[in-house]
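Peer 1: Residue numbers (the working numbering), protein chains in the order written: chain Z, -4 to 430; chain D, 8 to 308; chain V, 737 to 1037; chain Y, 42 to 415.
Please keep in mind that the hints were generated in silico from the structure rather than gathered at the bench.
C-beta: ideal position from N, C-alpha, C; glycine also.
Hints should not be assumed to be uniformly reliable.
Covered stretches of chain D, as calculated for chain V (at least 3 residues, CB under 8 Å) [what the hints assert, rightly or not]:
1) 127 to 133
2) 220 to 231
3) 266 to 275
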Amino acid sequence: MFSKKLLPLFFAVLLVLSGCAGFKTGDSKSADSGDKVVIDFWSFWGSEIRRPVIDKIVEDFNKSQDKIEVKHTFVPWGDIWTKELAAIAAKNPPDVVINDINATALRGQKNQAMNLSQFLEKDDISDRFYEELWNATLYEGDSYGIPFNTDTRILFYNKTAFKEAGLDPEKPPATWEELWEYAEKLDVKNGDTYDRIGFYPLWGVNSDVWMLNSDGKNFFDEDGAPIIDSEANRETLEWVLDWHKKYGANTINSYKSQIDSQQGNPFFNGKLAMYVNTPTFYTQIRDYAPDLDFGVAMLPEREPGSGNTSWGGGFVAEIPQGSKHPEEAWEFIKHLTDVEAQEYWAVKNFDNVANIKAAENAAKNSEMPDKDKVVYQMAIDNMENTLLTPVPVHAPDFMNLVNPELDSILLGKKSIEQGLKDAQQSLEKLTEKSK
Amino acid sequence: MRKKLNYKRMEGLQGYVFILPWIVGFIAFTAGPLIFSFAASFTNYNITSQMDFVGFDNYENLFTADNLFWTSLYNTLYYVLFSIPLTTAGAIFLSALLNQDVPGIRFFRTIYYLPAVLSGVGVYLLWMQLLDPGTGLVNTALGWFGIPGPNWLFDPDWTKPALIFMKLWSVGGGMLLYLASMQGVSKSLYEAAKIDGASSWQQFRFITIPMITPVIFFDIVTSLIGGFQIFQEAYVMSNGEGGPVNSMLFYNLYMWKKAFESFDMGYAMAMSWILFIIVFIITIINLKLAPRWVHYEGEER
Amino acid sequence: MEEVEVAAKKRDEERVASAHAYFDNIHTKRKLLSLVNFILLAAGSLLILSPIWWMISTSLKSMAEVMTYPPTFYPREWNWDNYIKTWKAAPFDTYAINTITITMLVVIGSVLVNSFIAYGFAKVPFKGRGILFAIVLSTMMIPGFVTLIPQYVLFSKLQWINTYFPLVVPAFFGSAFFIFLLRQFYMTIPNELIEAAKIEGASHFRIWWTIGLPLTKPALATVAIFSFNGAWNDFLGPLLYLNDESLYTLQLGLQVFKGEMNTQWNYLMAGSLLVLLPVIILFFFFQKYFIQGINLQSGGK
Amino acid sequence: MSKIVLKNVYKHFDKKVTAVSDFNLSVEDGEFIVLVGPSGCGKSTVLRMIAGLEEISSGEFYIDGKLMNDIPPKNRDIAMVFQNYALYPHMTVFDNMAFGLKIRKFKKDEIKKRVEEAAELLGLEELLHRKPKALSGGQRQRVALGRSIVRDAKLFLMDEPLSNLDAKLRFQMRAEIAKLHQRLKTTSIYVTHDQTEAMTMASRIIIMKDGVIQQIGAPKDVYDNPENTFVGGFIGSPSMNFFDGRIVDGQFVVEDVRINVPEEKMEYLREQGFVGKELTMGIRPEHIHLLRGGEEAGQTNSILSKIIVSELTGAHTLLYSMLGTQEMIAEVESRTNVSPGEDVYLTFDMNCVHFFDKEAGIRIRPEKSEVLVG
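Next comes chain Z alone, as it looks inside the complex (with noise of 0.2 Å):
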């Protein structure tokens, strides 16, 4: 019964399929479209709204030229890179990807990045590019990464909430204390809820950056010392875990989870009254909450001159070892990081985009509405507060070690001192071995 049926239907299938695209083995790229060398270009860009604007960019550069046919592969986010590594090891990458700027060193330390001092050499294109940014792909002064775009924090803040809680909506908190005054004015409690709640630090970015903006240091200084367990650090914690204790674990894992897992966000609807995200965050607004009366601003400082440091990582625009055609990359990368396609990109998605010109020009853009040009403004001018954080290339996943202790520091399982005072070893430690 089942027997005699199945096996012809198999080989049929077998039949038909051996005509199907899927099973034809040999080079992906054998059908070079004439004398065009054929480039791959993976990026993570594949929604609606992004895909069609880096596709225009790809279009532009194939029409632009006829050496070089750019062929872009959308992969998922996230496992893009998993899929590159292995496409690195079995020495058959594509030929520029799409990576987070922040462990470019390390890519370039582990020879998984092309270095491109050689055609720095020739077109230094560096200026191009805020230096914070440029100075994240550099490893041991050579680049091995073009940065693409960007983000940095800012604060965001409802302007009607001010208003009802008699803050003058114009002026937006310039100091920790500032906020967390503003915030006891802003709450609006409701028995042993919240109808509405000032600020809280933790939502829309975690304990380290308020670490950078107390005294403009990352856990690492310039020779790679771990210097965590800092006055600044300590501090900080403290004026976080008054928040913490301020609203209660339950307020706040309610609503992290909501706002950690992108669905339902408080600020929209104005039960939070101020919330610090980057300058795309923008972009939601204006889609899921049109009508919010909103100000943006930079993050304040945590005392007057300590600074307004923020924090920020983005993309770079990378050659994987091994691609087949460098040369023609590069060509490619030039024109994606050049100002046209950055502005392009930069106006379409409302995304910061590395190329100083280019965002400069994006903010006076005719297509860019008056609002968007406010809160785009405020991206461009907080650049010069953003620091990024590139991975060391000595210790890439510290991380592992340091978010433990911070979260036993706000679960209340340590205190402060001691799980800093941990971190801190164990940061020693680690440096230590990896000498």
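The hints should help you fit chains D, V and Y onto chain Z, whose structure is shown.
Peer 2: For chains D, V and Y alone, coordinates are given in the frame of chain Z:
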């Protein structure tokens, strides 16, 4: 005596022909990568630029200098210890219910199988919503019974129970296996038991359970192996960190971070072989204990 | 004498009455049990379905509504066109065809080959069977991450990158999980059946084909469902091995809704449900195959 | 047709356990051999070696002069009926019976003809389209038989085919199998643990214990002249009485009871030097008689015993009593009314007793003469 090719040996050869596809597949696709990963566990392999022999350094570091290794091992053992008995019992119980003649049984079966089909990141993100301590469905429902729900994914004491709870939700896959094997139990056995005056529970306990032991055994062995490799749910639900306070830093998650975040592939491979040895020993113990309680109808002689 | 007769008659009547009562009792008991089952199953279904309701509800909301806090249980507006938009957001037609192609081949391979191999392990005695079987199990115990890179390199050397071969071909060489599962089912087939067939003149291949396959139908159905599920939901395989978007599968397609900054939850959920639907339908109609158990003890006590 | 020979056959399991040792047997064409013995005696192993399901560890096995050791089962031209019938549950009765023929590539009409013939022979005509689970135990048994018959094999093996049936069916099927054999005259080897089956069906019985043949012979021969105490005790129901004692002054002395031994037996016992030695005397219950009160009572060889239990089995009554401290069963005519507690005189038919070496349990037989007793 001519002992070259008697029919028993011929039969043995047939046996090899039967498993030939596996042998070929093993040699072609699995053996190479396995041997490679074993060899690389004695090196500082980082996938792209280095692969120098370092002897037992990786293994030594794991046991002597790496607290996270022990943390991750503890977390994994905790998870396995609770999730395996619970999911096994849950699946058996559920299939016993679904093996009855109840109106709409086909729909029920489909419904209970649903979670097993739902897979991937989306489901875990969904669960993050449901486990939201404030507005999440789980705590809301607990609230109806006056039970204050815990902080689940934010409380290091509750993260693992949350994952186990989630696992229980999707016992439908195991249920399928048990259902298939329960169908093979002879009706006459139940009839005989009824005549002997056995209650429903006794029938279940003394007929159903013994008759499906081969599948229980299969389920336990494979879920143990799978349980030790818990990864994706923890990865997604802790944002790839394993927090809070490393409470979701499971063995494979830590290994993943070592392999693909710090590119310490040699180290990760050493970790994988330690896990292999642990799971292998447990499986061998399982196989040795099996004859005491696993009843194969086919071997009754 | 009449007294005796009356007494006897009364006794008879009583006996009949008590028999009635007995059977009535059994009847009501059975009905009651069935009712309890039904209630249990229905209550459980709610538990199972509530996360799925969440998916459905989210899939019908507008993004603005998804983002409101606290979340709403029902969509305020039912945006049915989300489903159409989802399907149009990427070439899902192509993805569906691709996924069906891969899945079909994997299922055929899994069902045929694993059954073949498992028969060898269960019913053909040969030297080294125990050790080889232990190796089969061992292959499940090594976490996939550590063999991921070497395996990719291997397939790359075979020029199989950007083809379906790495996704489909291994299925034709057996998988440890299914071999183990089917072996467990073969073990429950009485050896006498095999021996009888041997004496009748059948070779092992013949026995496998004419006796082994039909008798393990429920298990094969389970394997079919599991392998269907596995191939249909496979994410990592297609992700790694397919470079051409025209070859992508549904699971890869769904990823377009997940960005680095925000996720289009409504489309993601709508897409997930659409992808889930065929599996559910298939399961619903397929379940009769593993419900059709075969009573293996037909000869016995 | 077929003659089978087993020569010095051994079976070892795992090189430690010896299941069968030094098995020698020669079967003539058309014989019905029954292998009998308690469970674990190796009888099934012998059968399975003949079938080719177990390997012969050492020794030789021939069918019609052809060495079969290395021939796979399918080429031995044998048919076998299993204890659990081993019917294929997914096939109809017809398909079950036709299976072997299909494999041997018989023509369709030939298969049909043979199956229908066998079905008629076994009364299965109406059931050909049913599946095994819709059959009763006896019907399944018949199908299993039919499956073997259609093959028309040289050798017919049956492994406890009746043990899963109830008493009445077993009795009926026993007769049927015997009848079948008379018709088909196929050489058959039949394994059972039931001595009654063995006695009633066999042309020759082989009694086995612990992997060793105890005795081979025609049922009557084995019954009348058991080679040892094991065979004596195993064959026959109720089983043979055994009394330990010694020969003193031409009498067999059991504790305080003395019984005269006939001179012809005394002769060889004396010759072989058993006088004064520990011996075991075996006597079948039917050879113990009840003496009528009065006339014969008190004569020599009569034993006064108190009846403990009296069991009516139909034509006979079993009387349980003690000889000294050793249990004794007598089978007497059922019309004799003896109640428990009653004291009666019993007498032994001493011409029918056997003497066994107490240590070895082997029957002491006249050295030269082959005079049979009874």
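Peer 1: For every hint, state whether the structure bears it out.
Peer 2: Hints versus structure:
1. Counting residues of the segment 127 to 133 of chain D whose beta carbon lies closer than 8 Å to any beta carbon of chain V gives 6, which reaches the threshold of three, so the coverage claim holds.
2. With a threshold of 8 Å between beta carbons, the proposed coverage of the segment 220 to 231 of chain D by chain V holds, since 6 of its residues qualify and at least three are required.
3. Coverage of the segment 266 to 275 of chain D by chain V holds [criterion: at least 3 residues with CB-CB distance below 8 Å; count 4].
Hint violations for this structure: none, all hints satisfied.
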